[in-house]
Amino acid sequence: DDLGGFLCLEEVEGVDCVWEGDDSVGRVCRFKPAASKSAKQSQQTRQAHPDAPLTEEEMQNFIHIDDFIETDNAPSQRTKTGKQSKGKKTPLEVSEKEEEEEDKQVSDDEEEDDDEEKEEEEEEEEEEEEEEEEEEAKEHAKAPAASKASKQTMPAAQAHQDVDVSAWEALGLASPILDALRKLGFSKPSEIQSKVLPLALKKRDIIGAAETGSGKTLAFGIPMVQYLARLPDLAEQSQRGLTGLVLAPTRELAIQVKDHIAAVAQCMPIRVAAIVGGMSVQKQERILRQRPDILVATPGRLWEIMSENDDHAAHIRRLRFLALDEADRMLESGHFKELEFILRHACIRQRVHRGAWCTMLTRLGLRVEKPPKRQTFVFSATLSQDLRIGKRGAAPKKQKTGATEDLMDRIDFDDSNPQTVDITRQEAVAERLVEARIDCLKEEKDLYLYYFLCRYPGRTLVFANSIDCIRRVLPLFKLLRVNVYGLHAQMQQRQRLKNVDRFKADDRAVLIASDVAARGLDIPFVEHVIHYQLPRSGEIYVHRSGRTARAGREGISAMLCSPDELTHYRKLCQVLKKPNGVPEFPVDQTIVGELKKRVQLARKIDQEEHRMQKNRHEDDWMVKHAEAMDIELDESMLRKPVDTEEQQRSKTKVQQMKRTLADLLARPLIPRGSSARYLTSGVVRDLAERLL
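The sequence shown begins at 1069 in this note's numbering and counts up one residue at a time.
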């Protein structure tokens, strides 16, 4: 330092510097021989050389995704124990990390304009990825033990032997299907299954109707799996094409149907895949290239992929099975156009074979290849009168052909007389469902919904007609410390599935949803369904109410009816054949008075926070785009308050109101001597009926 210069040291290979001593006695640098090269490399990560090609040894564990088939052995399972597991890993498991990155990238791109939601979802995704890695580690640890078992995926010895499946054996099902049913605990078929399966196994086309939760999925899923189980070359998956196609109106329903069919086919090398919107297109195209046996899809995404790839469209034309779940919903706007294109491709070979030019070629002695026979299933919980009578079997009418009859004509059944199986009840809803009505003003719906949730806790599904209503109610009930989640069509698919899983996991959770959740979703143990806004039709009411009282369990469906909805309520009762209306639900006005203070205060907090947040977002949006366009922004255009004290007063006011709300929420709600028993808890079997 005294010389005013600096000392420049040159790094010498093979020598390490070790400092000895401290500041009090002085520090001395000593030179020692460096550690061995192998030890040094173990401590430091190797540098990447992207320009240099990988050696054959480094490439031996890699395989191109387009060349990978399910029957191949997974390379990652071949090493530690020295034993190879044959056919244990699917292509999806091999490319799992790549697919998760694609989904995460799609989700991040679409949420770029909403910073707060993006941060929350990223944290949740990290937690989920950690959980998935832990599950993968557990599966890999179990792989050596599993490889010692027999080649069968799940032998009967591992199934639940105490489940009697003799009722299924009478249908002549393959033994792997019986093993899967035994493991699932299905001792006997449901009513719709017992009536449909004998006809379906005889290759008859089926038009079916049954109440929600009755097992319609397996009624058309088991015949597909049974056909594949009887194939002599079942193990040669590369030689098989697409066998069955199931069309569902919503993404959640499609994924649910896929899981149910895969559960029945778990004892066989059968691949079931789902193609839905809101997920990576590249990932789903890769799934189709792996040639699944059964495909479950939503019409919009399937048609998008078919229109861009002729090979996928060709597979649709060679189907053996075609199933439409929730067929009445398919007729609604937004679905019918894509469905029409898909059905046209699926039925084109049958129509061509019955065409005039094909008949002429046959007369000339030329051989015309007959297309394979296709079996068709059409199912719904609310089968309209048009669907109950197929177009070919119905007498000609002078009235205009309805959309449902038009759909039946487009499906083009191979069976000249499709069999109709209708087990719906006259009341249209489940037998053990209790229906009720709460009369209130439109402004008081939040209050009475909060009353129901506090007075009778349980897994509750709340339906609203508009997405704006859901977005308004969600933050209000979060302020009231209700474990509430949202579900609507404009929500990211990843977030939708996440909210449904959280709702299933919590027995006191509340899911506020649009009618996207009213179709076919099998959420177990939903105890209450609340119609925050009256459904637009009796058909929607049946599907909403069908989310509870499933599979013989109890449930309650309550409507919040305001004076401006009375006319619609009377029409609804007329359609549902309830001349006396729906009984009124008893309400304790003493508790309502206490809850009113909470709801009013929470509403004020929500309005104030919304105002502050809206101003901040608008200012941030203007500043961001002004910088992008490289222009100067006049400060007078911003809504930021000039007086920072006023902004601080608003924040202080909100904090004070939140403290007051916390004090109100801490007070006991249920008066002494009252019961907060679940309406469908089973402690008192007919508690809901007694209250009404």
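One or more hints might be untrue.
Claimed, not checked - In silico DSS-like cross-links for lysine-lysine, where the CA-CA straight-line distance does not exceed 30 Å:
1. Lys1566 - Lys1351
2. Lys1645 - Lys1510
3. Lys1672 - Lys1639
4. Lys1572 - Lys1256
5. Lys1664 - Lys1645
6. Lys1510 - Lys1351
7. Lys1256 - Lys1510
Keep in mind the hints are simulated off the structure, nothing from the lab.
Status of the hints after comparison with the structure:
no.	hint	result
1	Lys1566 - Lys1351	holds, 19 Å
2	Lys1645 - Lys1510	holds, 26 Å
3	Lys1672 - Lys1639	violated, 36 Å
4	Lys1572 - Lys1256	holds, 26 Å
5	Lys1664 - Lys1645	violated, 35 Å
6	Lys1510 - Lys1351	violated, 46 Å
7	Lys1256 - Lys1510	violated, 47 Å
In summary, the numbered hints that this structure violates are 3, 5, 6, 7.
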